[in-house]
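Each chain, letter by letter, is given below.
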Amino acid sequence: MRYLIKIIVVYIFLMPLMAFAGEIEARFLDDRGRPVAEAVISAIPLSGQAVPAMSKIPVELEQIDKEFKPNVTIIQRGGKILFPNRDSVSHHVYSFSEAKKFELPLYTGASRPIVFENPGVITLGCNIHDWMKGYIVVVDTPFFALSDATGVIAIKDLPVGAWRLEVWHPRLKGGLMVREVNLTDGAALNESFTLSLRREWKKTRDRAREKSGY
Amino acid sequence: MFIKRSFRNRLLLAFLSLFVIVQVSSFLIIDRVITRAARERATDDLRNAAIILKQFLLERSDLLIQGASLFSRDYAFQQTYFADDRETIRSALLSLQQRIHADFILLLADEDDWPVRVQTPRGEDEGKPFKHPELLEESIEAGEPGSWVISRDQGLVRMVAVPLLAPEPVAWLCVGFKMDEKLVKSLERFVGFGVSLVKEVDGQLLVVTSSLGPDARNTVEIALASRSSDQKDFQVVMNDELHSLHLRDDSSLLLHASLERALQPLRQLQRVFALLAFLALLVVFLLGKTVAKTVTQPVERLVQGVRRVTAGDLTAEVAVERDDEIGMLANSFNVMARGLEEKEKVRSLLGKVVSNQIAEELLRGKTVQLGGEIRTVTVLFTDLRSFTTTCEKMQPEEVLHFLNRYLDCMAKVVEKHGGVIDKFIGDAIMAIFGAPVSLPDHARRAVECGREMHSELKLLNEKLRQEGRPEIAMGVGIHTGEVVAGNMGAENRLNYTVIGDTVNVAARLESETKSVGRSPLFSQATLEAACLNTDEVALIGPLHVKGREQPILVSTLKE
Chain A
1 MRYLIKIIVV
11 YIFLMPLMAF
21 AGEIEARFLD
31 DRGRPVAEAV
41 ISAIPLSGQA
51 VPAMSKIPVE
61 LEQIDKEFKP
71 NVTIIQRGGK
81 ILFPNRDSVS
91 HHVYSFSEAK
101 KFELPLYTGA
111 SRPIVFENPG
121 VITLGCNIHD
131 WMKGYIVVVD
141 TPFFALSDAT
151 GVIAIKDLPV
161 GAWRLEVWHP
171 RLKGGLMVRE
181 VNLTDGAALN
191 ESFTLSLRRE
201 WKKTRDRARE
211 KSGY
Chain B
1001 MFIKRSFRNR
1011 LLLAFLSLFV
1021 IVQVSSFLII
1031 DRVITRAARE
1041 RATDDLRNAA
1051 IILKQFLLER
1061 SDLLIQGASL
1071 FSRDYAFQQT
1081 YFADDRETIR
1091 SALLSLQQRI
1101 HADFILLLAD
1111 EDDWPVRVQT
1121 PRGEDEGKPF
1131 KHPELLEESI
1141 EAGEPGSWVI
1151 SRDQGLVRMV
1161 AVPLLAPEPV
1171 AWLCVGFKMD
1181 EKLVKSLERF
1191 VGFGVSLVKE
1201 VDGQLLVVTS
1211 SLGPDARNTV
1221 EIALASRSSD
1231 QKDFQVVMND
1241 ELHSLHLRDD
1251 SSLLLHASLE
1261 RALQPLRQLQ
1271 RVFALLAFLA
1281 LLVVFLLGKT
1291 VAKTVTQPVE
1301 RLVQGVRRVT
1311 AGDLTAEVAV
1321 ERDDEIGMLA
1331 NSFNVMARGL
1341 EEKEKVRSLL
1351 GKVVSNQIAE
1361 ELLRGKTVQL
1371 GGEIRTVTVL
1381 FTDLRSFTTT
1391 CEKMQPEEVL
1401 HFLNRYLDCM
1411 AKVVEKHGGV
1421 IDKFIGDAIM
1431 AIFGAPVSLP
1441 DHARRAVECG
1451 REMHSELKLL
1461 NEKLRQEGRP
1471 EIAMGVGIHT
1481 GEVVAGNMGA
1491 ENRLNYTVIG
1501 DTVNVAARLE
1511 SETKSVGRSP
1521 LFSQATLEAA
1531 CLNTDEVALI
1541 GPLHVKGREQ
1551 PILVSTLKE
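So the protein lines, in turn, are chains A and B. With this note's numbering applied, the first sequence corresponds to residues 1 to 214, in that order. With this note's numbering applied, the second sequence corresponds to residues 1001 to 1559, in that order.
Keep in mind that a hint or two might mislead.
Unchecked claim - Calculated lysine-lysine pairs in the BS3-like style (CA-CA distance at most 30 angstroms, straight line):
| # | chain 1 | residue 1 | chain 2 | residue 2 |
| --- | --- | --- | --- | --- |
| 1 | A | Lys202 | B | Lys1128 |
| 2 | A | Lys173 | B | Lys1416 |
| 3 | B | Lys1131 | B | Lys1199 |
| 4 | B | Lys1178 | A | Lys202 |
| 5 | B | Lys1345 | B | Lys1393 |
| 6 | B | Lys1463 | B | Lys1558 |
| 7 | B | Lys1293 | B | Lys1345 |
| 8 | B | Lys1054 | A | Lys202 |
| 9 | B | Lys1416 | B | Lys1393 |
| 10 | B | Lys1412 | B | Lys1423 |
| 11 | B | Lys1178 | B | Lys1131 |
| 12 | B | Lys1463 | B | Lys1423 |
| 13 | A | Lys202 | B | Lys1412 |
| 14 | B | Lys1054 | A | Lys173 |
| 15 | A | Lys101 | B | Lys1128 |
Just so you know, these hints were derived from the structure itself, not from any lab.
The task is simple: from the sequences and hints, build the whole structure.
Following this line, the structure appears as structure tokens:
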């Protein structure tokens, strides 16, 4: 019964917010008009909109087949990430990024959780495997999304008001792309971003060589 | 001009000219082909050497890239870099430089703003902006390590740049080697060709470092400036030697080879060729001379033979024992000479018996026939006065000698005027004008002959007087008329003569000279036929001659 009352109270409390919400659909294209995957968009409230509380559940960033999976992970500031190593070989995960410097010296299996207190981009590497590269984007908002191969992603149930949209991509030239928008009730904003991407640094992984014997 | 223009010399000259033309033209053709081949080979060699050097430099760059790449992923160094421990960084850079044998090393910190900050092992240029950010940007854009040729301190350096991956590029390790004289010398030793490093300054290519001397550098720079912009291969004369040059595609490496050296085997071949040509020329000269001699010697002998014949020596004989055309010619010549000799013998013999003209007629092969023809001729008779009285005091052989002297003198006059001595009758001469050879002016010739006979007699008398001998007097009678002319006698003993009244009249006129006391005497018929001018003729008058009923009108020449 108390549980039900709690739900009712929360529902009543959230009613105004849910009633006055909108949606932002973001489309990411490169210079040549091709859809861009792994683009990160986050919406930061500018007009004091109430935002949902952060999830306490740690996010997992695995190492499988000597690659970070997923390649790009978005997490709200203060969130935790676990780095389980599913490979049979050890990995040495490190970051020299300003937002979070850490290292998980050679290990296999489960790792200790790392808390990301500062917003920013963290580039992950493995000291053993030159080609292993992963990104963690720490954002100061619960509203964020990662584009898939279609280059289109929607952030739903955004309270009406002014928002700062921050766009990032691992190969984006010149850091963040920022755009401010005003969302009205029931609106679905279509925002298109043209990203100028630099070429990815040549990977050193040679799968054919990994298989060949002596 | 100084050489006798004989057939032999011309033949020899033709031989030699042909040989020289063949030799010179083949020499020129071979020279051209081999020179071109040598040049092409030199150019090809330079191109290949350029490829090798390019590969050599690339591999050296790759070695530096590999060394720097290993270092750039060193976790300890990455930690040091992010800890911004400058002193340790510098020490680590120095260690790397020594490890990979680089001439220099730079660390370019990839900060948010360009230009990037420079860090070096010894701290020089510390914190200064990197001078070639555009190259770094190109490398980032390409996503690959950079490899550049950069001008530095008046020289060139080869620089490679690899990122410090953490795991994204955060800084750049630049290592390189100086492209200095030491390098070009080692490259020169490596490929065996001269090597120059070239850089472009204000659109002009300048030689930065070269294995050539300083003089040659200027020459090369001028040649570089004057060639067309896309010309990679060109030639230039340096130190009195033609050099073939090849510019590498990116215009930083120039290779040069002495064409003289490439052409050395050719020059050697040329010398051998020249010697062989000289020897062959000598052989051809000697051979040609022998051949020319073989051909011309019999010709010369023939010429000598012809000369002897021309000079009257009909016994000339040419000894050529050959089966060819020249041998045939020599045989023909000999046959001809023999023929001439025979003919001359006959002519000479005949001339003594008959008059020359008759002898000629006979020798000319005209059929000698009996019988005769009626012709109008002029007959001249001479006789000596009181010859018998004169001879009485002489010995018989002296008489013959004296007579022959007189007859010879008169016979010559007759022959001179185209007359024919028909016969000598003692001291008398019978001469015919107009037979056997027709003479349209036979009458005039006879009259002139008579006149000259008297002139000759005067001269003879002059001599006789001087010799103390008695002088002689002569009478000449001339008459023109029809005669029967022809060969008379037996089949194998012929005598060409004329007969008829005309002969008798002429003889009578000659005998009349005694009574008239004038000579020569000639008939009216002769006068008319000779068309003599009246002022040179003196009319004697009609004379009754023996055997003629009608008197004959007789004239003589005015004295």
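Each hint, compared with the structure:
no.	hint	verdict
1	A:Lys202 <-> B:Lys1128	29 angstroms, holds
2	A:Lys173 <-> B:Lys1416	137 angstroms, violated
3	B:Lys1131 <-> B:Lys1199	17 angstroms, holds
4	B:Lys1178 <-> A:Lys202	28 angstroms, holds
5	B:Lys1345 <-> B:Lys1393	39 angstroms, violated
6	B:Lys1463 <-> B:Lys1558	25 angstroms, holds
7	B:Lys1293 <-> B:Lys1345	36 angstroms, violated
8	B:Lys1054 <-> A:Lys202	24 angstroms, holds
9	B:Lys1416 <-> B:Lys1393	33 angstroms, violated
10	B:Lys1412 <-> B:Lys1423	14 angstroms, holds
11	B:Lys1178 <-> B:Lys1131	17 angstroms, holds
12	B:Lys1463 <-> B:Lys1423	26 angstroms, holds
13	A:Lys202 <-> B:Lys1412	135 angstroms, violated
14	B:Lys1054 <-> A:Lys173	34 angstroms, violated
15	A:Lys101 <-> B:Lys1128	28 angstroms, holds
In summary, the numbered hints that this structure violates are 2, 5, 7, 9, 13, 14.
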